[in-house]
Structures are given as structure tokens and as C-alpha cells.
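Novice: Sequence:
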Amino acid sequence: TDVIGTCAFGLECNSLIDPQAEFRQMGRSIFEKPRHKAFVQAFMFTNPSLARKLRMKTFRDDVSQFFMQAVKETVEFRQKNHIKRNDFLDMLIEMKEQRDELIKSGQKVDDNDLTSGLNIEQLAAQVMVFFLAGFDTSSTTMSFCLYELALNQEVQDTLRQEILEVLSEHDNQITYESIKEMKYLDMVISETLRKYSVTPHLVRQCVKDFQIPNTDIVLEKGLRIIIPLDSIHNDPDYYPEPDNFMPERFLPEQVQKRHPCAYMPFGDGPRNCIGMRFGKMQAQIGLISLLSKFRFDRCASTQIPLRISKLNFLVGTESGIHLKVQKL
2 TDVIGTCAFG
12 LECNSLIDPQ
22 AEFRQMGRSI
32 FEKPRHKAFV
42 QAFMFTNPSL
52 ARKLRMKTFR
62 DDVSQFFMQA
72 VKETVEFRQK
82 NHIKRNDFLD
92 MLIEMKEQRD
102 ELIKSGQKVD
112 DNDLTSGLNI
122 EQLAAQVMVF
132 FLAGFDTSST
142 TMSFCLYELA
152 LNQEVQDTLR
162 QEILEVLSEH
172 DNQITYESIK
182 EMKYLDMVIS
192 ETLRKYSVTP
202 HLVRQCVKDF
212 QIPNTDIVLE
222 KGLRIIIPLD
232 SIHNDPDYYP
242 EPDNFMPERF
252 LPEQVQKRHP
262 CAYMPFGDGP
272 RNCIGMRFGK
282 MQAQIGLISL
292 LSKFRFDRCA
302 STQIPLRISK
312 LNFLVGTESG
322 IHLKVQKL
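Heads up: the sequence shown runs through residues 2 to 329, numbered per the working numbering.
Just so you know, these hints were derived from the structure itself, not from any lab. Be aware that a few hints might be false.
Said to hold, decoys possible - Below, simulated SDA-like cross-link-like pairs (lysine to any residue); rule was C-alpha separation at most 20 Å, straight line:
(1) K281 to I175
(2) K97 to N82
(3) K38 to T200
(4) K196 to V256
(5) K181 to L252
(6) K34 to L133
(7) K328 to E155
Based on the provided sequences and hints, a complete structural model is requested.
Specialist: And the structure:
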């Protein structure tokens with residue numbers, strides 16, 4: 002919450018110091034106290050055009066108003082005081098200023114033409130999407146990763162050795178360069194995202210008719226389809242023994258043997274996850290910080306196997322993850 006709040010809104014959330022911080026509470030309420038039941042959410046997710054025609058709202062009014070007000074106040078403060086932070090919000094403010102200049106010059110601007118810039122509502126929507134995409138997703142990935150490392154001590158030892166060796170070559174500093182050198186860490190995170198796809202499915206729209214090879218089935222242009230990522234990522238044809246945690250699946254030579262769409266935790270193509278690199282780096286930094294100082298192991302409360310909740314929109318467990326943590 003603190004990282005995504007700083008990068009998306011430019012605000013200090015301080016949720017580690019105060020777990021009841023307003024940003025944290027509002028973020029959690031989106032997932033824990035949604036406006037609609039799961040069935041209605043699924044309908045809106047798969048039929049966005051119809052949902053808009055029916056004027057269905059995604060979030061509760063208090064949540065929308067909170068984030069809109071936060072964005073407006075932050076944008077106004079930065080513009081008034083000429084503050085530049087070179088962050089995500091700065092880029093969006095530049096797009097807003099671009100639109101404002103066009104309007105001042107007397108040009109007619111179409112609200113649906115985003116190439117002309119953003120109005121404040123569109124800017125707030127982009128910030129909120131970025132916030133939601135990063136809220137709890139990186140921490141969820143880290144939690145599942147630590148769970149698997151606790152159950153697979155050899156993998157944990159190998160990863161810790163790599164982390165300590167690379168850090169020793171960089172004055173024990175976590176830098177962009179040092180992270181890029183941790184190849185095994187990248188493989189471990191990739192295997193975690195394979196086994197526990199944070200977003201279990203994607204929704205896409207066909208842009209042209211497509212006949213599924215060796216069948217009479219035609220996916221017609223305009224049809225919306227659901228891509229079950231969790232099923233693809235656990236398909237034994239692509240990943241033998243899919244229930245086993247094996248980072249070596251993501252050695253370069255192994256990746257080349259698979260279809261490029263056999264692994265899509267962030268989606269694929271021009272509409273892939275906006276925060277792919279950001280989210281992955283959050284998880285990398287978190288795991289480096291933890292594994293360099295602590296050992297993780299199973300305990301009496303560790304659930305084996307994990308029971309995944311069927312009610313959450315994003316992947317999650319029914320009763321949390323409980324591990325034994327020992328300081329090195």
C-alpha cells in the first residue's frame with residue numbers, strides 16, 4: 002500500500018506504522034466489501050459495454066469519492082506549487098495539461114479521444130487502475146512464494162545463496178543492477194506466478210473471425226472470450242508435474258520449448274498489465290529483503306495443501322498462510 006500509494010498518488014500512506022490508515026482501509030474495502038456480489042461483478046467484467054448502458058457502477062460511492070478527491074487535491078497541489086516528482090502521476094498531469102492547452106486555444110476536444118489528453122476524471126481513473134493493479138498483488142505473490150520456499154528448503158537455500166553473493170558484489174545494496182543479476186530469483190517468481198496466477202483469467206474480444214484449428218468452431222468478430230490462465234499454467238502438456246514447485250521450468254532453454262502463450266501471468270500484447278515491471282520489482286525487492294535476513298519454514302499451522310478461496314476475484318487462500326520465521 003505504501004509503495005503503490007507513493008508511486009500512484011504521490012502520498013505517504015504510512016500503513017506499516019498505522020494499519021488503519023485511510024488509504025489502506027479504502028483499498029481493502031474494494032475487495033472485501035464490494036458494491037456487487039460475485040455474479041454481478043463477473044457480468045460487468047465480461048460485458049462492460051452493456052454494464053455502461055445500464056449505468057452500473059463498479060465501486061461503492063464512498064470509495065470513488067475518496068479516490069477522486071485524493072487525486073484532485075494532489076494534482077491541484079502539484080500544479081499550484083510546480084512540484085515535479087518524475088513519477089506515474091506526473092505523466093498523467095502532463096496529459097491533462099496538454100488537454101487544457103488545447104481547450105484554451107479554442108480547439109474542440111472529444112472526451113473519448115484520449116490522444117488529446119485527459120480530463121480530471123479520466124486521470125483519476127488511470128490512477129485508480131494503477132493503484133488497484135498494485136494493491137495486494139505483489140504481497141500476495143510474495144506470500145505464495147514464501148509458502149513454496151518453506152516447503153522446498155533446497156530451493157530456498159539456492160535462492161538465498163544467490164541473493165547474498167550478488168549483494169556482496171554491490172556493497173550489500175539492493176539496486177536495479179543487482180536485481181537484474183539474480184536470475185534464479187526471477188525463475189522462482191515466475192514459477193510462483195505460474196502455480197498461483199494472481200489473476201486466474203483474462204477477458205479479451207475477438208477482432209476478427211477465427212476458426213479453432215481442427216474443429217468447426219468459429220470465434221466470431223466481437224465475441225468476448227475468457228482465457229483461463231490457471232488452467233493453462235497447470236496444464237501437464239506444458240508443465241509436467243504441475244503441482245510441483247520447480248523454478249528450473251523457467252531456464253531459458255525450457256522457456257523456448259513452450260508456446261509463448263503458455264505463460265501469461267500479466268496477459269500478453271498491447272493490453273497486458275500496466276504494472277508488470279513495477280509489480281515484479283516490488284516482489285523482487287521484498288523477497289531479497291526478507292530472505293537475506295530470515296529463514297522460512299513450515300509450522301504446525303501451515304496448511305498443506307493450501308485451500309484456495311473460490312469467492313475472491315483475485316487468487317487468495319481461505320484462511321491465510323502461516324509459516325515459521327527464524328532470524329538468520
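Novice: Compare the structure with each hint and give your call.
Specialist: Each hint tested on the structure:
1. K281 to I175: holds, 15 Å
2. K97 to N82: holds, 16 Å
3. K38 to T200: Within the cut-off at roughly 18 Å; holds.
4. K196 to V256: The hint holds at about 15 Å.
5. K181 to L252: Status holds; Cα separation ~15 Å.
6. K34 to L133: Within the cut-off at roughly 14 Å; holds.
7. K328 to E155: holds, 18 Å
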